[in-house]
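> Sequence order for the protein chains is A and B. Here the first sequence is numbered in the numbering used here, starting from 1 and rising by one per residue. Here the second sequence is numbered in the numbering used here, starting from 1 and rising by one per residue.
Calculated from the structure, these hints are not laboratory results. It is possible that some hints are incorrect.
[To be verified] Label pairs and their in silico Cβ distance ranges: (1) A:87 - B:314: 36 to 42 Å; (2) A:87 - B:201: 15 to 21 Å; (3) B:201 - A:165: 44 to 50 Å.
[Stated by the list, open to error] One side of the interface only, derived from the structure: several residues of chain A facing chain B at Cβ under 8 Å: (4) 48; (5) 97; (6) 197; (7) 206; (8) 208.
Heads up, the beta-carbon is just placed ideally off N, CA and C, and yes, glycines get one too.
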Amino acid sequence: MHRFLFLILCSVCSHATYAGCALDRQTLGARYTVVFTDAKGVSQESEVTIWRMKSRVLWEYPLSGIAESWHRNVREQLQLVRYFDQYDRGIEYYPADMPAYDPQSWERLWQLVPAAELESLEAGATHGDKCQLERGYSGTGHGLEVSGAWLGAAGLPSRWKTRATGASSSWQLKELVTDAKAVAQAFDSREHYQLIDYADIGDNESDPLLLKMASLGVVEHKVQAPRVAHGGHNH
Amino acid sequence: MNLRKTLLASALATLGAAQATAQPVLPAYQTANPWFTEGESSLDAKPVVIGRKVARNVILFVGDGMGVSTVTAARILEGQLRGMNGEENNLSFDLFPYTGLAKTYNVDAQTPDSAGTMTAMMSGVKTDVGVIGVDEDIVRGDCSTVAGNELVTALELAELAGKATGVISTARITHATPAATYAKSADRNWEDDSDMPADARECTDIAAQLIGFESGLEQRFPGARVDGIDVVMGGGRRHFLPRDEAFNQERDPADGPEGDRTDGRDLTAEWQQLYPQGQYVVDQAGFDSIDTSGNGPVLALFNESHMQYEADRSNDILGEPSIAEMTGKALEILDNDRNGYFLVVESGRIDHGHHAGNAAGALTDTIAFAEAVRTAVESVDLEKTLIIVTADHSHVFTIGGYPKRGNPILGKVVSVGSDEPALAADDLPYTTLGYTNGLGFRDLGDETNSDASYATPAFSGRVDLTSVDTQAPGFHQETLVPLGSETHAGEDIAIYGMGPGGHWVAGTNEQSAVFHVMNRAAKLVFRAQKRLDR
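Sequences and hints are given; from them, build the entire structure.
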């Protein structure tokens, strides 16, 4: 039980203390393959890379060419920039235009599964060592079946599956990027994009590209963090 | 069109050489433009007012997106907030003696945008959607097509005529409507250098044009005696500051740079060097301490982007003045000039409230705008001051049927003789106000920021509003067509006139006629030319 609590507490701490693992969990990238299967058994595969750097989280959707950079500012507000890689452009959402910050939503962006949700599951056996040390989890609640493995050093799941009313989503970690330069590059590579305030989209209705971006940004990409309990998510 | 311009320029050059006349204050391609000539002649067909005085001062109020339905709904809301039924109320400009309509279309667009419409009002020439201060021969986004297509604006004419000038906006001061008073740009979005494509670097971004307005005018009119815009107030600080946290004025450095500029220029510092006697302010305290004796210009940039919605203004970190307060302060400064003044006041966030599908936000800003008009009416000499109140375009915002008299304008329809909400054919209650398109229904309760729901998808169609407080500031009306942002509308907008020349707004006008009303009332071209010829 004590070891379990330690793991939970550590899921939000900055540096892993696993023996022989010097991973900086505030500066990393995690590439996932995500498979959604609907109630009819039709599956759709997608890819998501989650980048963390200090108070920023970047979700990259390489197949749709969209990336979302979330920043938690010093006033505990969220700021979002939605990037459209094929156009070198982006839409900026000011903190005041975003839903109020709440820790659970931020943790879902940061580590997919908030600490409280992880805590509500039954902890299983551990495998591996050092940075690869992971623990199995499973449980049910709110009509969901959950199973997966938690990579304690990174504070992320190595695999995670949720199932509800026949539909399921499955997250599989493909690569963990710990090179700080690669992480910085993921954030910096879009610095030159032309950004527009979302509040200004309406004044640019003659720009079909912007209108398309506005629709793409809120409708077409459907990869969301897995969830155990019902609750708000910032997408 | 270009061939005609060349011929005109050639003829003008020949004439100039023969008669050694001074530079005409308006280029031939502007005065010969059909929009311009027809606008000028349209005033001749209007009633003559015997004993009309020349307007010493001109104030143009523009409610961005303030269509007729917005005026009506705001009038009712203001009245209801005062305890009246509402319908019988009058906004300040409802009481103006002259009213007309304007056709708002752009040269290339049935439903217009602010850039094209404000360019029409400021220059007498309709142009394409999305471009600022240039005629229709421009190619949007092509920097190389700006030269030779620039239009002279009423504000520039006033400046050349020796008048004090001012621009106020609750949007970014580099946004399309205020920009059309002072800038020439192939794209409304070129607000700073980082917004411009690499092949546009020969053009000057809008913020830099504002700071360099005086020298730019002197360059175009050698020998002109101008002193720059005397009062500039609005938002948009980010376009004036380098992308460097060290220049942050409101944002915490840990949250990244406030400025957007990538050329390293701090335009606020440059402005202060150009005008050492000037007053640069960024917050309510600075605004309150402005010296209004007219001893120096004022540059006030109250927000990184747009100023707050009026309903949300009290939540601003450093504090922002209202549009009425800015108008009053500007008039205190401008009326020190013995030659009179020219002031443009834009309420930019009416438009944004509508784009967000939030009638409460849009109407609250409209009421604040009407208060600004009232401030002007009560503080100027109406014998000498032409005041025009208008909009640039409308929105797809409607007032439906059939609520009884005095029914809360933001509420659900309650029919005549009933106390319960009427039900539609789907057995659900419905609101009086609605939008044809946009983001659609949101129930955000007491949220006063209209933009607060932008990050979530559009939702079209009906919702059971039985237990929803539709009068709450955070309620967003239902819509039919789902779009990422509610759109402008193409119907006519109203023009209200008061003071010398105000009668010329009567009738159904091309929007470009607004320039001619101002010009003829204050003899802007005549006085500018006369001063240039000295």
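> So, for every hint listed, does it hold in this structure?
Okay, the hints, checked on the actual structure:
no. : hint                      : result
1   : A:87 - B:314: 36 to 42 Å  : 38 Å, holds
2   : A:87 - B:201: 15 to 21 Å  : 20 Å, holds
3   : B:201 - A:165: 44 to 50 Å : 56 Å, violated
4   : 48                        : 18 Å, violated
5   : 97                        : 4 Å, holds
6   : 197                       : 6 Å, holds
7   : 206                       : 5 Å, holds
8   : 208                       : 12 Å, violated
In this structure, the hints that do not hold are numbers 3, 4 and 8, in rising order.
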